[in-house]
Every structure is written in C-alpha cells, then in structure tokens.
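K.L.:
Here is how the chains run, residue by residue.
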Amino acid sequence: MRALVIDDSRAMRRIVSSILIGLGYEVRDAGHGGEALDVLNEGWVPDLATIDWNMPVMDGLQFVSAVRSNPAWRSMTMMMVTSESEHTQIVRALAAGAHEYVIKPFTADAIRDKLALLGLLPQEVVL
Amino acid sequence: MTLTATSFDWVRQVVHRESAIVLQPGKEYLVEARLLPIARQMGLADVGQLVDSVRTRPSPENTRRIVEALTTNETSWFRDGDPFTALTTTVLPALQAARGPAERLQIWSAACSSGQEAYTIAMLLEDAMPNAGSRVSITATDLSREMVERTRAGRFSQLEVNRGLPAPMLVRHFSRASSEWEVNANLRRMVTATECNLAAPLPRMGPFDVVYLRNVLIYFDLSTKQAILRRVRSLMRPDGWLFLGAAETTLGVDDSWERVVLGRSSAYRPLKGA
Amino acid sequence: MTVFETAERRRVGDARPVITELIDGTTVQSIAEEAWISLVGEEEVLVPLPAELPADVLSSWVDVVGPWTGSVVLTAGRQTAEELTRALLRESAPEVLEEEDVVDAFGEIANVVGGSVKAALPGQSALSLPSVGTSPEVRNTADVCRIDLTWRGEPVSISVQGALPALPVPHDPHP
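Residue numbers (my numbering), protein chains in the order written: chain A, 1 to 127; chain P, 128 to 401; chain U, 402 to 576.
Simulated from the structure, these hints should not be mistaken for laboratory data. Note that beta-carbon positions come from the ideal geometry of N, C-alpha and C, so glycine has one too. Mixed in with the good hints, there may be bad ones.
[Said to hold, decoys possible] Pulled a few chain P residues facing chain A out of the computed Cβ check, cut under 10 Å:
1) 194
2) 205
3) 208
4) 294
5) 301
6) 303
7) 388
8) 389
9) 393
[What the hints assert, rightly or not] So these bits of chain A aren't anywhere near chain P, every CB distance computed over 10 Å:
10) 39
11) 59
12) 74
13) 76
[What the hints assert, rightly or not] Derived coverage of chain A by chain P (criterion: at least 3 residues anywhere in the stretch with Cβ under 8 Å from a Cβ of chain P; other residues may be distant):
14) 9-19
15) 23-33
16) 48-57
Based on the sequences and whatever the hints tell you, model everything.
P.N.:
This is the structure in structure tokens:
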C-alpha cells in the first residue's frame, strides 16, 4: 500500500513516515497541499494521505476539497494529522471529506489503531 | 534510585511471564516512572516497597496493575473491535427479540479501567437503538477506586481519545473540556461505576444480559478463574452473553459454558442445566 | 485601591481576559507532557523542576489569535534545542545539524503545544505557523502563565503570554 504524508514540518513528516513504513507502507511526502497535488497529478495516487492542517501555500482543508472534486482520486483515504484540535475544526474537516482525524500529539499506536478502523493495515498487526 | 537489581529482575520476569514482553536491562527508570503512581496509591514510599509487598503477598490484581502499567500506555477504544461488532450485529438483535419493549438491558464492563470499554458500549448502543438512554444500563466495575472515579468522570486526555476512537464518534459523543475531552452527559447517565473485587464475593448486581470480562482471567490461577466464572454466571440472565479477551477461554476451566462463534470473535453462553 | 483594581477594570467595560483566568500551569504542563511523549519519545519524561536557563537560549512559538491573543513560547538552551531536534529526527538526524533542522523541529514542538493550548481556551481562535528565534517580549506581566521544567536534566520553559500591553488602570474618580 502507498501513503502520501503531507506536512510542512520535515520532522513531523519523518515521524509519520517512519510509522507508516514500519507498518509496511510505501511512502512519499509533500511539504504542503500544492506539492501533494503535484504528486497526484503525476499519477502516483496513494491508498492513504495523512494531512496537516496549517501549511503554507495550500493548507490541508483546501487539499481535501481539491481531492474531493476529482472523481479519479475518490479511492484515496484522507486522514488529517494536525494540531488543530477543537470540536468545530474536526467537524469541518469531516464535512469537507476527510475520513479520519488524528490530533497532534499522537503516539504510533494511535496511527495504527486508526488504520485498523479504516481497514488500511497492510499486514496483520496484533493490536 | 530505589530499585535494586533483584527487584528489577523480578519485575522483568513477571512482565515476561504475563505478557511475553521483554524489558531490557537499562529500563530501570521506566519501571520507576510507571510504577511509582501505583506504589503511592497503595500508600507505599517507593517502587522497591511495592515490589517487596507484591512478592511477599502475591496478589493477581496488583500483578495485573504492574504488568498493565508497563505494557500499555493507554487503553484503546474498540480494543480488539470484534466483540463490539458482535454486540450490534448479533447480540443486540437477539436481545431485542427476546425481551419486552420496556425491559431494561443490563450490561457489565468488568475491570473497566478508565472507562473506555463501558463508553464504547454506550456509544454503540446509543447509535444503534432509539431510547438507548432509557433502555440500557451499563455497570462498570474496577478494583481501583481511582479507575472507578476516572470512569465516573468520563474525561479523557488528547492521547487517550486518539486511540482507536473513530473521529465521527468523537465529535458526536464528546465535548471539549479544557485540554481534555468529556463524554456527553446522556452517555454518562447510562454508565454507573462502582468498586468491585472480582476475586471476592460479588455485590448484588444485574442480572446482566451481556458481560465484558476481558483480559482479566489470564492473571489468576485456575481455581480463582473457576470461582470468578461461577460468580459471574450467577449474575447473568440464562440467555446472556459473556465476552472474554482474545487469549482467554472457558474451555478447560469451567464446562458450564457454551462457546458461540460470532464473526471473528466468540462469546460464551451459560449452558442450560449446567 | 489595589484590592478593587480587577473589578474596577471590568466595570470600565473591558472584556479582555488575561491568560491566568483561562488556563493554569497544571494544564499547560499536562499538555507539554503529552507533546513530549508523542514527539520526543514515549519514554521521555518532563520533570516539573525549575532550573535556570543558560545565557544562549532559543525560543520557538506560535501565535494564538482569538478572544485571547498571545503566543505560546517554548524556550530552551540552544544545545537543548539541538538535542530535542535529534530526538525528533531520530535515525534520520544528520551528523551536523543545520539551522534549518532546528528551526523545523523546535518549531513543530511549539506548534503541537500551541494547538493544545488553543483548544483548551474558550471560543474560536486561529493558530499561526511557528516562528523560531528570540522570544517575543512579555507585554503584560499579569497576562502570563509560565511553567519551568527540566528534560534530561536541562531547563525548558513554556510561557503562554499575552501579546497586548496591560490595560491602563482607570483613574480614580475620588482621589
């Protein structure tokens, strides 16, 4: 399975990527929504995108809306991974089309649990 | 540093025996940090005293707390999701067919820890049936007063709500309370939390339609397992359902149960006439 | 006079709260502990033990704009900031850290702590992208919630501080 990790922080991209690689994902990353759309337009459409909210150029919510407007990308599961943690923000992201929401700070187990809920654990991992 | 090499070795052995997890040498500080709160709760000065206490007076409940403190960071919502799937797909329809419309469904979350299991059940039933608030009562019990109070409060940290709780359920059933999240009042009203020692005679409760007794029996010896299962059965309706942990079974322990496969999990039901 | 100052100010029509009315040090500390577990490592402990910051410090912060407006500022010695960066980058940390690495990682910790602080405040607020450098100055000493901690024996401070100057004390109508 493939995952696209979108975050403006290189350290955070590393943390999320290494969790996903550990679970058996092939991972690419992007520093903001615009870079992520470039990857999709190249034809590299992942099973999963993890998406930060606050980023320069194109933020996570704009990215989610852009993905939603293209039927070719419908199979992609979108999981927000962000420090935005108010109730209303989560509702907004889900309404825009995000499937799941992980609030920073999170642990590796939290990512694994959410992927299990989404049926996106590439290999059988004992919970 | 209060932890002697002997005490650390004892903790390593217990954790390895109970959970198959290996604590490497050099993790003394982790043992200290995780076990100190338990020692303090028991009125002991330090982790060394805690180890001495449990070594001289073995206690499955305290052993379990030590192992859990070292092996799990937070309890997951929907932990091993299958027993919860079975609740809404099989158990609830069966109970609704068998019970009158005014009869209350009683569910027991035994060894409830900080309450994730009890509230997971409450959320599922609230979403699955109208008037769940007036039809369902969930009893959550734990040996630890602190855990009972946490369950009663229904407040969870950011790290805790991140663990296996689907975001749509978080926004539907929780509200922000400062830096934490609080289960909504309608679900808190469905859950009654009380202290209860499973290894001793049980208080008058139930009769229960469904019991979740997961990852508890593994810590007890055979005769205590048998006594607990017998006492649990006496608090259940004859057509009730018992869910155990994935690694637990009544087979070879107590033959008065029938194992029923429900999708990817299984439940145990009291055998008639047993 | 001093005793009545707060009540007097409110009566004068001020709806601007100070941070100590909205969040306490214990909450900020539990927020920081969770951020540390998540970012720095699951076995990393922040100890509530104040220690003096060295002369050469670095700060990272995010601004919160809403009913309360200010910054959530993380400050540590430069070496501690670098050590935190290595902890975040783990095996992908380069031999020699670039300034850019420290700015990124140290800023991300402020972002995560700031996001949780924002969520704990009442009402809707917006969060800025993180900045790294010399801490913004404290504009109103009454509008600060600061905690001092140690990590791996080194001091780390977190200051939730208002961005606006203190309101003028209303003149006493009966001098």
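K.L.:
Quick one, is the residue 388 of chain P hint okay against chain A at 10 Å, beta carbons?
P.N.:
With a minimum Cβ separation of about 19 Å from chain A (threshold 10 Å), the hint on residue 388 of chain P is violated.
K.L.:
Taking C-beta pairs only, is residue 74 of chain A more than 10 Å away from all of chain P?
P.N.:
holds, 19 Å
K.L.:
Does the interface hint hold: is residue 303 of chain P within less than 10 Å of chain A, judged Cβ to Cβ?
P.N.:
Given a least distance of 5 Å, the restraint on residue 303 of chain P holds.
K.L.:
Checking hints one by one. Is residue 301 of chain P an interface residue toward chain A, by the C-beta closer than 10 Å rule?
P.N.:
Result: holds, 8 Å to nearest chain A Cβ.
K.L.:
Taking the closest pair, is the beta carbon of residue 76 of chain A still more than 10 Å from chain P?
P.N.:
holds, 17 Å
K.L.:
Was the hint right that residue 208 of chain P lines chain A, CB cutoff 10 Å?
P.N.:
holds, 7 Å
K.L.:
Minimum Cβ distance from residue 294 of chain P to chain A below 10 Å?
P.N.:
This hint holds: residue 294 of chain P lies near chain A, its Cβ roughly 4 Å from the closest one there, short of 10 Å.
K.L.:
Against chain P, does residue 59 of chain A keep a CB gap of more than 10 Å to every residue?
P.N.:
The assertion about residue 59 of chain A holds, with a minimum of 18 Å to chain P.
K.L.:
Closer than 10 Å between Cβ atoms is the bar; does residue 205 of chain P clear it against chain A? Give me holds or violated.
P.N.:
holds, 7 Å
K.L.:
How about the segment 9-19 of chain A: do at least three of its residues have a C-beta closer than 8 Å to a C-beta of chain P?
P.N.:
violated (count 0)
K.L.:
Can you confirm whether chain P covers the segment 23-33 of chain A, using C-beta to C-beta distances below 8 Å and requiring at least three such residues?
P.N.:
violated (count 0)
K.L.:
Checking the smallest CB distance to chain P, is residue 39 of chain A really beyond 10 Å?
P.N.:
holds, 24 Å
When the structure is compared with the earlier hints, violations turn up for hints 1, 7, 8, 9, 14, 15, 16 and for no others.
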